[in-house]
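Q: The sequence shown begins at 2 in the numbering used here and counts up by one.
Worth flagging that the hints you see were computed from the coordinates, not collected in a lab.
Be careful, since some hints might not be right.
Claimed, not checked - Derived lysine to any residue pairs resembling SDA-like cross-links, with alpha carbons at most 20 Å apart:
#, residue 1, residue 2
1, K56, I137
2, K185, S152
3, K214, N225
4, K244, T136
5, K121, A84
6, K116, P93
7, K252, T194
8, K185, Y113
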Amino acid sequence: MITGCSKKDSGIAGKATIQISGGGITNFPSASLRFISDSINYTNSVVISSSDVLKEDLTVTLDVDDAARLAYNSSGAGFMYDALPDSAYLFPTRSVTIKAGEKAGYFTIKFYRLKIDQTKNYMLPVTIKDVQGQTIVDSLKTIYFHTVGNSLTGTYADSGSKTEYAGADNTDPINNISSCPASKIIIAADSITSVLDYADLGSFGWQYIITYKKDTNEFDIVPNDVMNGPTGIQPGSFIIDEKSYDPLTNKIFL
Numbered sequence: 002m003i004t005g006c007s008k009k010d011s012g013i014a015g016k017a018t019i020q021i022s023g024g025g026i027t028n029f030p031s032a033s034l035r036f037i038s039d040s041i042n043y044t045n046s047v048v049i050s051s052s053d054v055l056k057e058d059l060t061v062t063l064d065v066d067d068a069a070r071l072a073y074n075s076s077g078a079g080f081m082y083d084a085l086p087d088s089a090y091l092f093p094t095r096s097v098t099i100k101a102g103e104k105a106g107y108f109t110i111k112f113y114r115l116k117i118d119q120t121k122n123y124m125l126p127v128t129i130k131d132v133q134g135q136t137i138v139d140s141l142k143t144i145y146f147h148t149v150g151n152s153l154t155g156t157y158a159d160s161g162s163k164t165e166y167a168g169a170d171n172t173d174p175i176n177n178i179s180s181c182p183a184s185k186i187i188i189a190a191d192s193i194t195s196v197l198d199y200a201d202l203g204s205f206g207w208q209y210i211i212t213y214k215k216d217t218n219e220f221d222i223v224p225n226d227v228m229n230g231p232t233g234i235q236p237g238s239f240i241i242d243e244k245s246y247d248p249l250t251n252k253i254f255l
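Could you put the whole structure together from the sequences, leaning on the hints where they help?
A: Here you go:
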């Protein structure tokens, strides 16, 4: 009597290779968390990087991999990072389905700025853990979500005013009014760059881009793309007469 077993056909020659889009140390900068609001949704993909196409759905399992953070810190490749607190992110679905005949599946992580001490460096590595017998690209299996501390971040007491002018040459002052909320939050973009709402127009996307280099005490500020855009300020009209930052008292003057 002859016996045997039947195996499902995966539809590929060999095994498909799986990786995280933007994964690996070479793509480390692209995984920087740049907060321009209180929370951000980061959607990323798991992809089949080989030419193979699967005839059946593939489930890829992901998980937070703190060992990858420790390995990064030990490598001396850059800043030292603390583990991102559990309260600072929401990662509800840790499995991704790549549909039959397709090349990618997607996952989303939500990050909360207010739960993060933005003066510190944090990392949340996410790693492919299982690909149902397919092949994982080891160098591209982990994406290193991270945020770098910035010395300017925080809530500031705010005061300011604006003067309105009349006449074709805008030289006749007619009104001087308060134009700023009582407090504002400076949000870190990276270790030296921050964003700050312009006057009371932050809800319209008007923001300053602030650069501060702590080592050299260099301080600069420019309008963002929205302010410079077609619905923003007139070209050439943004002029800073005075600017200063005092790191001892954390006072910014414009």
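Q: Compare the structure with each hint and give your call.
A: Hint by hint, here is what the structure shows:
1. K56 with I137: The hint holds at about 18 Å.
2. K185 with S152: holds (15 Å)
3. K214 with N225: Cα-Cα ~19 Å, so holds.
4. K244 with T136: Distance of about 55 Å is beyond 20 Å: violated.
5. K121 with A84: holds (10 Å)
6. K116 with P93: holds (17 Å)
7. K252 with T194: holds (17 Å)
8. K185 with Y113: Judged against 20 Å, a Cα distance of about 18 Å means the pair holds.
The structure fails hint 4 only (numbered hints given earlier).
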